[in-house]
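Anchor point for the sequence shown: position 155 equals 155 in the working numbering, and the numbering is continuous, going up by one each time.
Honestly, the hints are just simulated from the structure, not real lab data.
Glycine included, every Cβ here is placed at the ideal spot set by N, Cα and C.
Honestly, I wouldn't trust all of these hints.
Just the calculated beta-carbon pair ranges, DEER-fashion [as the list claims (entries may be wrong)]: (1) Asn-72 / Leu-9: 27 to 33 angstroms; (2) Gly-24 / Asn-72: 35 to 41 angstroms; (3) Ile-151 / Leu-8: 25 to 31 angstroms; (4) Pro-134 / Ala-166: 45 to 51 angstroms; (5) Ile-150 / Asn-58: 28 to 34 angstroms; (6) Val-113 / Ala-166: 19 to 25 angstroms; (7) Asn-58 / Ile-15: 44 to 50 angstroms; (8) Leu-8 / Leu-49: 31 to 37 angstroms.
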Amino acid sequence: MVLHLPPLLRLLAFIGCYWLLDAGYFQVPDHTLANTVYYHGVTKVCAWLINHLFNGENVSAFQNQLISATGNANLQVVRGCDGSGALFLLLAAIAAFPARLLWKLKGWFCGAVFIYAVNLIRIGGLYFVVAYRPGWFELIHVYLAPTLIIILVCIFYGWWATQAQAYGPSTAAD
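Based on the provided sequences and hints, a complete structural model is requested.
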């Protein structure tokens, strides 16, 4: 069943969904994020990828940090730099879009996987910036990478919405 809400109510649904996701996220203690979520889901995975793709790099993960063996780089993943903001925007946008539940579930799952992969690439790239071009870190971390992620999320959302409309259109019987 698809709920056809007026645009203003869809906007309010989007804002409400985003707010609920963000509020829930801020209920997770920092130490849980650093020692469990970021370690197992981000830094450990990034270290493994970097070490397997770039043989001589020798990166290790410790809690929420990527640390080079030479000591020239130490990148910390902290709250807000984990892709959660982009994920919450996408999840809320999909929730507010008039589409069938199956298409919403597909969008949420594929979107989460997409954002996770893009964020791993971003964090891996930031590690190399810290290690080899530290003067570029602020520009890339604060301005370029977040803008690119939002652009990619918008492209994903546009693609998903087009697919949801074309292959899962709602009908009056919904």
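Results for each hint:
1. Distance hint check for Asn-72 and Leu-9: the Cβ-Cβ separation is about 53 angstroms, which falls outside the suggested range of 27 to 33 angstroms.
2. A beta carbon spacing of about 37 angstroms between Gly-24 and Asn-72 agrees with the range 35 to 41 angstroms that was offered as a hint.
3. A hinted range of 25 to 31 angstroms holds for the C-beta pair Ile-151 and Leu-8, which are about 26 angstroms apart.
4. The given range of 45 to 51 angstroms is respected by Pro-134 and Ala-166, whose C-beta atoms sit roughly 46 angstroms from each other.
5. One distance hint, 28 to 34 angstroms for the beta-carbon pair Ile-150 and Asn-58, holds here, with the actual separation near 33 angstroms.
6. Hint check: Val-113 to Ala-166, Cβ distance near 21 angstroms, so the stated range 19 to 25 angstroms holds.
7. Taking 44 to 50 angstroms as the suggested C-beta distance range, the pair Asn-58 and Ile-15 conforms, at roughly 45 angstroms.
8. In this structure the supplied range 31 to 37 angstroms is violated for Leu-8 paired with Leu-49, their Cβ-Cβ distance being about 44 angstroms.
The structure fails hints 1, 8 (numbered hints given earlier, in ascending order).
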